[in-house]
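Student: Sequence:
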Amino acid sequence: MSTTHDTATAIHPATGQDRLRQVAVTVAEALCIVGTLVGVGLLGGTRVEESAGGALSAEATRLAPAGPAFSIWSVIYLGLAAYTIWQWLPSSVTERTRSTGWLAAVSMLLNAGWLLVTQQGWIWLSVVVILALALVLGELLRRLTRRPSGSRAERVVVDGTFGLYLGWVAVATCANVTAALVASGVRPSDGVSDVLAAVVLLVAAALGVLFARTLGGRWAVAVAMAWGLGWIAVGRTSGSPESLVVALFAAVAAIVVLAVVPWARQRSRQVSRQTSTVR
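Read in order, the letters of the sequence shown correspond to residues 66 to 344 in my numbering.
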């Protein structure tokens with residue numbers, strides 16, 4: 066086992082900074098829950114698909130996933146709740162947690178912020194927020210990759226949760242930007258719309274390959290991306306606007322994102338072996 070791995074997973078006594086981080090994560094999780102309840106209409110808010118004039122509904126654009134796709138949020142929110150509890154455990158006070166805990170809190174606040182922004186119909190501000198969320202999650206996963214997890218529980222609660230989170234947000238960002246353009250009056254012909262959507266889906270596939278290569282081939286990220294892309298394909302064949310072209314590109318993108326993971330994991334293992342040999 067490498068010295069870097071030992072240092073990252075070594076358990077330390079909790080300091081005042083650790084307690085402050087733990088409290089911040091807990092408060093952020095509470096605000097995230099409140100924002101979610103508003104976003105689903107349980108606290109008097111407007112449901113996301115009905116906010117911003119319906120710009121974010123499952124039938125608003127060619128890149129909007131079908132309704133059932135959003136059930137992944139239940140898994141992500143459950144994971145975030147588990148993470149909030151886990152990070153209070155004495156065994157979680159490691160350099161790995163210290164380097165990512167604040168980013169986790171920021172991601173929860175941005176999540177709540179996105180929901181509240183959409184309530185006001187500020188569609189372009191929602192794009193800014195979700196882009197910031199994607200960048201925060203990308204940096205969080207990068208840090209997790211640099212410091213391997215110390216236990217199976219950590220891999221599930223931390224790596225699994227934030228991997229799903231990043232994968233889904235990556236697809237949601239594409240859908241959000243498209244929704245903002247359409248809501249702003251950008252409505253090209255059907256043919257041009259198909260081409261533009263196909264280009265975005267190719268970019269999403271390339272992003273999935275990039276994630277696999279730089280994050281060590283994380284199944285959670287790939288599965289969440291494939292889930293979102295797959296439901297875009299379903300939406301374009303079973304709902305409006307219908308588009309066989311977009312459905313095919315979305316399906317291919319989902320397959321590519323999943324297929325590249327074994328290669329990336331093998332490559333990551335080879336690099337780790339070479340590094341260990343050098344040391």
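Mixed in with the good hints there might be a few duds.
[Said to hold, decoys possible] Label-pair ranges, simulated between beta-carbon atoms:
#1 Gly109 / Trp153: 28 to 34 angstroms
#2 Ser254 / Ser156: 55 to 61 angstroms
#3 Leu190 / Leu154: 32 to 38 angstroms
#4 Glu307 / Val264: 15 to 21 angstroms
Hints were generated in silico from the structure; no laboratory data involved. Here the structure is a predicted model, which is why all the values come from computation and not from measurement. Ideal Cβ placement from N, Cα and C applies to all residues, glycine included.
Student: Each hint should be assessed against the structure and marked as holding or not.
Tutor: How the hints compare with the structure:
no.	hint	verdict
1	Gly109 / Trp153: 28 to 34 angstroms	31 angstroms, holds
2	Ser254 / Ser156: 55 to 61 angstroms	58 angstroms, holds
3	Leu190 / Leu154: 32 to 38 angstroms	37 angstroms, holds
4	Glu307 / Val264: 15 to 21 angstroms	19 angstroms, holds
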